[in-house]
Each structure stands twice: as C-alpha cells, then as structure tokens.
Amino acid sequence: MHELAVTQSMLNLALEHAEQAGARHITGINLVIGQMSGIVDDCVQFYFDFVSKGTIAEGAVLSFERVASCLRCRSCGEEFVLDGHDWACPACGALGGEVIAGREFYMDSVEVE
Amino acid sequence: MTGQEAGSKRWDVKVQIVKDILSANEQIALENRQLFDEKGVFVLNVMAAPGAGKTSLIECTIEALRERLRIGVIEGDVASTIDADRIARLGIPAVQINTGGGCHLDANMVRVALPRLSLDETDLLLIENVGNLICPTGFALGEHLKVMIASTPEGDDKPYKYPGMFSAVDVLVLNKVDLLPLLEFDLDYFRRGVEALNPDVAFFPVSCKTGEGVQTWAKWLLATQGMAQQSPGSTTGVLSPSRLPTFSQTNQI
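Chains C and Y, in that order, are what the protein sequence lines are.
Under the working numbering, the first residue of the first sequence is numbered 3, with each subsequent residue one higher.
Under the working numbering, the first residue of the second sequence is numbered 31, with each subsequent residue one higher.
It should be emphasised that the hints constitute simulated quantities derived from the structure, not laboratory data.
Just so it is clear, CB atoms sit at the ideal spot from N, CA and C, and this is done for glycine as well.
Among the hints, erroneous ones may be present.
[As the list claims (entries may be wrong)] DEER-style ranges, computed between Cβ atoms:
no., chain 1, residue 1, chain 2, residue 2, range
1, C, Glu115, Y, Gly185, 24 to 32 Å
2, Y, Glu61, C, Thr57, 21 to 29 Å
3, C, Thr57, Y, Glu68, 15 to 23 Å
4, C, Asn14, Y, Gly121, 48 to 56 Å
5, Y, Thr246, C, Glu67, 20 to 28 Å
6, Y, Gln260, C, Glu100, 43 to 51 Å
[What the hints assert, rightly or not] Selected chain C positions facing chain Y (Cβ under 7 Å, derived; list incomplete):
no., residue
7, Met12
8, His19
9, Gly95
10, Gly98
11, Ser111
12, Glu115
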C-alpha cells in the first residue's frame, strides 16, 4: 500500500511537469531512490502501470537509480557505505556516523514527446 | 533535450524536475506545522511496530500530564475505532483516522482531521501513527517531534534492521522493560545500533505496565513543550538536537 500512495504522488508530479512543458506523452520517468527509502522498484512499476492508465503517462518506463546508504564517520570524517551489521568505520573503527546518502527519494526528470 | 531521433519524426525531450516525490506531502505538513505554531499546540508523531505500546504510552502520558496540559489525540489505524475509544474513555478528545489499508498517516489525513479537534484548547497533540517501522517516517505530518517506541519483545536487533526509522526520530522510548529478565535482549547491542546512527536521540526506557520510567519521560516532555512555547515558529524542530538530552545522558536502566 505504501508504494501505491507513493506512486500516485510520483504520477502527479510527472504529469504536472510534463503538462507545463506541453508534452503529449510521457515515455519515461527517471527516479533517484536511496537504499533507506524502503521502496521496491518492481512494486512501484506495477502500481504505476495501474494508476497511469488513461493519462499521458500510460506506458511510461520507470528507471531507478539506486543510491547506497552512506555514512560519514564522526571521529575521522571517513565516508563509507552502510553494509548490514558492519557499521564500523573502515578507517578508524568508530561505530556509525552521520547519514550522508541513502535517503534520496526524488524524480530527476521525465522523458516526453 | 536529447534531440530528434534518426529516422523518426518524434522529439524526445527530457524535462528536468529534481523534486522530492513527496513534496506535496511536505507542503501540507508545513501548513499543518504553521497552524500548530500559531495555535500554540505542541505535536508528537508517535510511531512504532504494531503492539509496541503506542496507545499505552499515550494513555500513560495523558495520566501523567493531564493536570498540567490540555491534551488531544489523533489515532491512526488501518481500521476500527478501538484506540480512539480507549482514549475517549479517559475523557480526552480523540479523533480516529482510518486509512482503509494505508500503512501510514500522511499530512493531508491529519489536516482533514484537525477541524474535529479544538486546537485553541489544546496544548499537546499526540498523533498515533499506523503500526509500521518503515513508511511513517517518510511522511511528515507537521509534528514537532518524531517519537518512536520500540519494545523489548521485538528483539535487540531492530535498529540494525530498520536504520531508516531509528535514525530519523528525535525520541526513542523502549517499552516493556519489565520483561527484560525474561528475554534475551542485549541492551548494549541495542544501544550501540541506535547510537551509531542517531547519537542525539533522547532515550527513555519505560514500562507502561508497571509505570517504570514514565515520570522521567513525562517530565522531559513537559519541559520540552515549555521550551517550545518560548521559541515558537522555528522551522526544523523546535529545539536543536544539542538542546535535547542525548541517548547517553538520558535515563539509564
């Protein structure tokens, strides 16, 4: 159900911008999704095919650019990818850090004609 | 623009957007927040897995603070009015939102519910989100504080499994600490996971059943609400994280 609500927001955003640009048809939507956002690609495409029926976005292909969860160490400033249980900084061993990537959840662009 | 395709008459054009997909929600959340600040209502978004004790913590908070603050509650559930009925029995104004299958509350659901509460006569609004450790954190409601409740029977590994939620909250309440002697719950392992991603979180171990820790939480909430009243209108949380008691400074078990 989460993906359905999100997909509807996504469609609205794409339609709004495509219509402003005078597009007749949206052929593709480019999304940037962080690993922490908890969004499942297949699920979004499935819902998208459903909610976009009868709009100028019907048939559009969604492409997902995935962004890995990334931390910046609070002790030494090293930036590293958050990987399962291993949250220790590879440079100094301190645990965890500030989340600097992985929460992305935005629409980069739409392909229109 | 990517130009005209060879052998084709159609134009393929790329329209740059670079906009948060949930920006419509964010906008409504901002409007809710402005309304709350204007009316002097301090708002908590209470999130947790089903059964962690969201309604129980709200009941305990009401009992602890009802002489000091005028409290209102919004209950979010997939279905039923069970939780709103529990709160209404305490004589507290409660509004039920049924999401009809939706896994989280969003800002618009809250906006629609607000006219059913008298904000002019409310100091503290507790919004109970739908039981879920994933989506609620992505949808701002206009709250001042995001409060997460974890409970000991869920296991000590949850911060590692749900980093998105544990890293996004201002307050973490660990409920059902009365059960610790019966469980294999490694509190140090749990703490390490939380501190790693969210060292500034305010942490309160409680038992809503025995009442342990509830007064500490309630006192902190009252003080925080009081500070918010003195500095209304700030946009990102009423308080900078450095002014909140941190995970390591707050109540130790």
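Structure-based check of all given hints:
1. C:Glu115 <-> Y:Gly185: 24 to 32 Å: With Cβ atoms ~51 Å apart, the hint is violated.
2. Y:Glu61 <-> C:Thr57: 21 to 29 Å: Since the Cβ atoms of Glu61 (chain Y) and Thr57 (chain C) sit about 27 Å apart, the hinted range of 21 to 29 Å holds.
3. C:Thr57 <-> Y:Glu68: 15 to 23 Å: Taking Cβ atoms as reference, Thr57 (chain C) and Glu68 (chain Y) lie about 37 Å apart, which means the hint is violated.
4. C:Asn14 <-> Y:Gly121: 48 to 56 Å: Given about 41 Å between the Cβ atoms, the range is violated.
5. Y:Thr246 <-> C:Glu67: 20 to 28 Å: violated (45 Å)
6. Y:Gln260 <-> C:Glu100: 43 to 51 Å: Distance hint for Gln260 (chain Y), Glu100 (chain C) is violated at roughly 29 Å.
7. Met12: holds (5 Å)
8. His19: holds (5 Å)
9. Gly95: Since the shortest Cβ distance to chain Y is 12 Å, the answer is violated.
10. Gly98: holds (2 Å)
11. Ser111: At 5 Å from the nearest chain Y Cβ, Ser111 (chain C) passes the 7 Å test, so the hint holds.
12. Glu115: Nearest chain Y Cβ about 5 Å off; hint holds.
When each numbered hint is compared with the structure, violations occur for hints 1, 3, 4, 5, 6, 9.
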